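Guided by the hints, dock chain V onto chain H, whose structure is given.
Number of protein chains: 2
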Amino acid sequence: MDLKAINLEEKFARITEHWSPKIIAQMNDTHFKLVKIQGEFVWHSHAETDEVFIVLAGAMRIALEEGGVDLKEGEMFVVPKGVAHKPVAVEECSIMVIEPAGTLNTGDAGGDMTVDAVEWI
Amino acid sequence: MDLKAINLEEKFARITEHWSPKIIAQMNDTHFKLVKIQGEFVWHSHAETDEVFIVLAGAMRIALEEGGVDLKEGEMFVVPKGVAHKPVAVEECSIMVIEPAGTLNTGDAGGDMTVDAVEWI
Numbered sequence: 001m002d003l004k005a006i007n008l009e010e011k012f013a014r015i016t017e018h019w020s021p022k023i024i025a026q027m028n029d030t031h032f033k034l035v036k037i038q039g040e041f042v043w044h045s046h047a048e049t050d051e052v053f054i055v056l057a058g059a060m061r062i063a064l065e066e067g068g069v070d071l072k073e074g075e076m077f078v079v080p081k082g083v084a085h086k087p088v089a090v091e092e093c094s095i096m097v098i099e100p101a102g103t104l105n106t107g108d109a110g111g112d113m114t115v116d117a118v119e120w121i
Numbered sequence: 001m002d003l004k005a006i007n008l009e010e011k012f013a014r015i016t017e018h019w020s021p022k023i024i025a026q027m028n029d030t031h032f033k034l035v036k037i038q039g040e041f042v043w044h045s046h047a048e049t050d051e052v053f054i055v056l057a058g059a060m061r062i063a064l065e066e067g068g069v070d071l072k073e074g075e076m077f078v079v080p081k082g083v084a085h086k087p088v089a090v091e092e093c094s095i096m097v098i099e100p101a102g103t104l105n106t107g108d109a110g111g112d113m114t115v116d117a118v119e120w121i
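Protein chains in written order, with the numbering used here: chain H, 1 to 121; chain V, 1 to 121.
Pulled out of the complex, with its shape left as it was, chain H reads as follows (with noise of 0.2 Å):
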């Protein structure tokens, strides 16, 4: 078992890629990934699972259908599976997303923004 904390702002400073999400813990079957985020993603959704939005630093907008959320430092949301949905970021911000392992980051939108991959930081 490793005993050292998580520190999310020691794990935040070795990102530097935008909309690269890294996975930092799991519990169970679920990921815990940290990202950062600016400009616009691809609007997506994810048929098989609700996904979590915590920002960290910054504000961040999650487009929905019908509207869509604000969220700034210290706030969550939960986009329901199968919900469509964009996240948008005009300044930097660092967010942790929550899902289940194997969800890929566009959904099934695909495109030039998926990582398929996801690494360990």
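It is possible that some hints are incorrect.
Unchecked claim - With a straight-line Cα cutoff of 20 Å, these simulated DMTMM-like cross-link-like pairs (lysine to aspartate or glutamate) come out: (1) Lys72(V) to Asp2(H); (2) Lys36(V) to Glu17(V); (3) Lys81(H) to Glu17(H); (4) Lys36(V) to Glu48(H); (5) Lys81(V) to Glu91(V); (6) Lys11(V) to Asp112(V); (7) Lys11(V) to Glu66(H); (8) Lys36(H) to Glu75(V); (9) Lys4(V) to Glu73(H); (10) Lys72(H) to Glu10(V); (11) Lys4(V) to Glu119(H); (12) Lys81(H) to Asp29(V); (13) Lys86(H) to Asp2(V); (14) Lys11(H) to Glu9(V); (15) Lys81(H) to Glu92(H); (16) Lys22(H) to Glu75(V); (17) Lys4(V) to Asp112(V); (18) Lys86(H) to Glu48(H); (19) Lys11(V) to Glu48(H); (20) Lys81(H) to Asp70(H); (21) Lys36(V) to Asp116(V); (22) Lys72(V) to Asp116(V); (23) Lys72(H) to Asp2(V); (24) Lys4(H) to Glu65(V); (25) Lys22(V) to Glu75(H); (26) Lys86(V) to Asp2(H); (27) Lys4(V) to Glu65(H); (28) Lys86(V) to Glu40(V); (29) Lys22(V) to Asp70(V); (30) Lys81(V) to Asp29(H).
Everything labelled a hint here was simulated from the structure, so no lab data went into it. Keep in mind the model is a prediction, meaning the values are calculated, not measured.
Relative to the frame of chain H, chain V by itself:
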């Protein structure tokens, strides 16, 4: 669908008791709980699940049989399933606990600190 961000500070403001977890979100069968802790909890383990602790304000220690882990704000730890642990906080500490719905706070230990019906806030 509730289109409101979940603000952690606002949720914590509604918690007045120590060691009394409140549910603020659900992802599939996983619950996200907020807890204010102070003092010593009971030694216990969860035979069926890992358990995630994230410190949002203050500091705590997760005592383990082989030592323990100190966590401060912005740090997290995953207690593996079956591993005996005892959360401790000298001063009040605000944490998020993430685990499957229905997981008892005192695990296999039972006793007075057990919260059978965890409420949503």
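Hints versus structure:
no., hint, verdict
1, Lys72(V) to Asp2(H), "holds (17 Å)"
2, Lys36(V) to Glu17(V), "holds (7 Å)"
3, Lys81(H) to Glu17(H), "violated (27 Å)"
4, Lys36(V) to Glu48(H), "violated (33 Å)"
5, Lys81(V) to Glu91(V), "violated (27 Å)"
6, Lys11(V) to Asp112(V), "violated (25 Å)"
7, Lys11(V) to Glu66(H), "violated (25 Å)"
8, Lys36(H) to Glu75(V), "holds (18 Å)"
9, Lys4(V) to Glu73(H), "holds (14 Å)"
10, Lys72(H) to Glu10(V), "holds (13 Å)"
11, Lys4(V) to Glu119(H), "violated (31 Å)"
12, Lys81(H) to Asp29(V), "holds (12 Å)"
13, Lys86(H) to Asp2(V), "holds (17 Å)"
14, Lys11(H) to Glu9(V), "violated (23 Å)"
15, Lys81(H) to Glu92(H), "violated (26 Å)"
16, Lys22(H) to Glu75(V), "holds (16 Å)"
17, Lys4(V) to Asp112(V), "violated (35 Å)"
18, Lys86(H) to Glu48(H), "holds (17 Å)"
19, Lys11(V) to Glu48(H), "violated (28 Å)"
20, Lys81(H) to Asp70(H), "holds (19 Å)"
21, Lys36(V) to Asp116(V), "holds (17 Å)"
22, Lys72(V) to Asp116(V), "violated (28 Å)"
23, Lys72(H) to Asp2(V), "holds (17 Å)"
24, Lys4(H) to Glu65(V), "holds (15 Å)"
25, Lys22(V) to Glu75(H), "holds (16 Å)"
26, Lys86(V) to Asp2(H), "holds (17 Å)"
27, Lys4(V) to Glu65(H), "holds (15 Å)"
28, Lys86(V) to Glu40(V), "holds (7 Å)"
29, Lys22(V) to Asp70(V), "violated (23 Å)"
30, Lys81(V) to Asp29(H), "holds (12 Å)"
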